[in-house]
Structures are given as C-alpha cells and as structure tokens.
Amino acid sequence: MVSLSVVQASNAAIKTSLPAGLVAVFAGATAGIGEACLREFARCTSKPRIYFIGRSQESGDRLTAELKSLNPGGEYIFIKSDTSLLRNVDTVCKDIKAKETAINVLYLSQGSLNFNAGSYDSYPLLFQPFPHFSPPSPFSPSPASTDPILNPNSYPPIPLSHLLSRLPLYFQISTNPTA
Amino acid sequence: MALSYYARARFMANLIPLIAAAAPALRRVVTVMAGGKEGKVYPDDFAGRNIPRTAGRGHLASMLTLSLEAAARRHPGVSFVHAFPGAVKTKLIRGDEGFAMQVFKYVSLLMFLGRWLPNAECGERQLFVCTSPRYAPKEVEKGATAAAAGATRDGDGDGEKEATGIDGKDGSGVYAVDWDGESAGAKAEEWLAKYRAEDMAERLWKHTEDEFLRITGSVAI
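Taken in order, these protein sequences are the chains called A and V. Residues in the first sequence are numbered from 1 upward in steps of one, following the numbering used here. Residues in the second sequence are numbered from 1001 upward in steps of one, following the numbering used here.
Chain A on its own, in the form it takes in the complex (with noise of 0.2 Å):
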C-alpha cells in the first residue's frame, strides 16, 4: 500500500517538481470522487488551467466559486454538459480544442458506478435495470438520448420474473470495499 504520507510528500513536491500551467480536463467533476480529486489539483498545483465537466450548473458555479479561493491564480472553466451522449462530448472536447493546444491531464469519473457495492454510490443490484445502463442520479435526470446504445428507452421493460431472480444476488454484495 502507498501510505496516505508517501501520497500527500508527493502531492506537496507539485509545485517544484512540475511545471506552472498544468491544463487539465475533468469529466464528472461535479460530485463525489471527481471533485475531491478537483479540489486537490487546485489546491497542489501552481497557475493551472482545469477544465470541469458537469451536468448541474449550480454545482458548477459552487466549485468554480470554491476553487478560485482555494487557488486564485488558477483558471477554472466550468462546462455544462451531459456527457452520456457521444455528441455532446464532441462539442465539448471541439469546444476545449478550440482554447489549448496541449493537455497534461484528463480524469474520467463520470458515472463511476461500482458494481461490487464498494462504495457508497453503487446502485443497489436488486434495483438495477435490465439488461444495464447507468441509471440517472439525483444530480441529473436520464438523459434524453437518441443513440440507439445509449437510449433506455430501447431496452425492454423489466420482467418481473427477472426481478425475482435478482433478489438472491442482492445479498451476494461484497462486504470487502478493497477486495
């Protein structure tokens, strides 16, 4: 295991051991583990420029107004998009190519659901939709899409008989959130 001191030497060597202006761009930045990470890369690093992506322009403008107090002399560009459609991260991906030429980090988190129940966002198996998307989450309704593979709407309602037969799985859940 790295221990929590290793990480947090390292965090606080940023600022010497790598350079001033790191752009980075979060997807899933609003919520849960994307913005704690935001959070630090604000905090650890010197004039960075961070690109956030989220679905709730509250949320957006909170950590915005957070992240300027955390670190002043950084950029913090909030970019309102639902990011389960393949069009919509077309725009905002041309949107980012259109300012930076060059990007240091990209953090992918959004609809980080964990299958085994090891952590606290996990949707609960017995409720999970047949067959499987990501269900939408109090920060955002389901998204209205037309892609075929990403449209709900073209999976079949669940059978009941389906649901029962889930029911055992639900007490399969892993108590072990590392295993």
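Some hints could be false.
Here are the simulated SDA-like cross-link-like pairs (lysine to any residue), alpha carbons at most 25 Å apart as the crow flies [what the hints assert, rightly or not]:
hint : chain 1 : residue 1 : chain 2 : residue 2
1    : V       : 1161      : A       : 19
2    : A       : 47        : V       : 1020
3    : V       : 1161      : V       : 1190
4    : A       : 15        : V       : 1023
5    : A       : 94        : V       : 1220
6    : A       : 15        : V       : 1077
7    : V       : 1040      : V       : 1050
8    : A       : 15        : V       : 1139
Quick caveat, the hints were computed from the structure, so don't treat them as lab data. Fair warning: this is a prediction, and the values are worked out from it, not measured in the lab.
Please build the complex by placing chain V on the supplied structure of chain A, with the hints as guidance.
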C-alpha cells in the same frame, strides 16, 4: 455502460493528440472505475446487453483497461491509469429518495463501517494517481523535468520504484491501480495477459471505432 465506457473512450480519442503534445513532465489519462477488478470480457457483446449480471464489473473493468492499452500502443509517451477509488461516501442517495434506497444507504454505512475512505483522503490519493512519477509513461522523453525524469527510473524520491504496469513490468505505461495506489493483483493480471495474447485490446478498439462511426459518423473529432 454508456457513461462508463463509450463516452470515456470518445473523450480519450478526441483529446489524446493534445495530451501527447503536452510537456513531457506530465501526460496522463486517468479513468476512475474498477482498476484491478478486471475479469472476463464478452467480445461478442462488448456493449454488455446480455451478459450475466455478476459479470458486469469484470467486463466493464476489462474494457476500460483494454481501451487504455490500445491507446498506449499508439501514444507511448502518455501514461494511462485505470483506478479504483475505494469506498467513498458520495451524495448519490439523498433524503428524498424512496424508502428502499434509504434502507440501502444505512445498510451500506453499516456494512462498510471502518472501511469508508474519507472524501479528502480519496481526493489526495487520486491527485497522486494523476501526478506521481510512479505511474510513468512507457517512453520518457528527455526534456521531462529533472524530478520526473530522475524519478521514473529509480523511484519518486523516497526510494520507491515505478509502479508495475498491467503487463507485469515496472513503468510499462498502463496501470490498473487499487484505492491505495498499488497495482493490480494476480487475478486481474492473468485476465489481462490472456487478452494481450489474444490481441483483445485491438479488437475492442476496432469495435469502439465502429460504434463511433455508426453513431457520430467519425472515429474522433
């Protein structure tokens, strides 16, 4: 699957030229899901519509790691990490969600009591994954900062060597990493070695590009 795999692959495909063009000191793609939990992948059903429920995580984790492997082959100057963040209390289940979800929320809290990773620590560890020279690219260019260049071949300043990549070799450029920063265990490495022998990464990337073409008309923008 959509958010988890295809959208992320699209981000990577679109932006990788910019990452490859960045200063050699830091060029990294980090995808957060289930690093180290790679399992059987279903190549006839990459989208995962009909795979067994319990196979979901292994399949998705493998797809993410294999997609990183395919990208690394094309861009050896960039490093790629598939990370597992650990048990983190996020606010997915709010007070106004249904009763069953509330029950689940409290059951989870109890089940993982003592094993929750505090949000702040998760953030610090994730930043480490994003920036530490431990997760170096396969090819380290001259021009990387002294700390990064020196560190990549013999540790990050505290005597630690580079992390073990998914092919079992240190510093090979693609890493599957657990919540604590350690590289994937034997089981995951076994699956990934099997898929390396079968060239599964290329097969998956071809499927991904075919889907991109079908849905958007282009392989990347």
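The hints, checked one at a time:
{"no.": "1", "hint": "V/1161 / A/19", "result": "22 Å, holds"}
{"no.": "2", "hint": "A/47 / V/1020", "result": "21 Å, holds"}
{"no.": "3", "hint": "V/1161 / V/1190", "result": "22 Å, holds"}
{"no.": "4", "hint": "A/15 / V/1023", "result": "15 Å, holds"}
{"no.": "5", "hint": "A/94 / V/1220", "result": "11 Å, holds"}
{"no.": "6", "hint": "A/15 / V/1077", "result": "22 Å, holds"}
{"no.": "7", "hint": "V/1040 / V/1050", "result": "14 Å, holds"}
{"no.": "8", "hint": "A/15 / V/1139", "result": "23 Å, holds"}
When each numbered hint is compared with the structure, no violation occurs for any of them.
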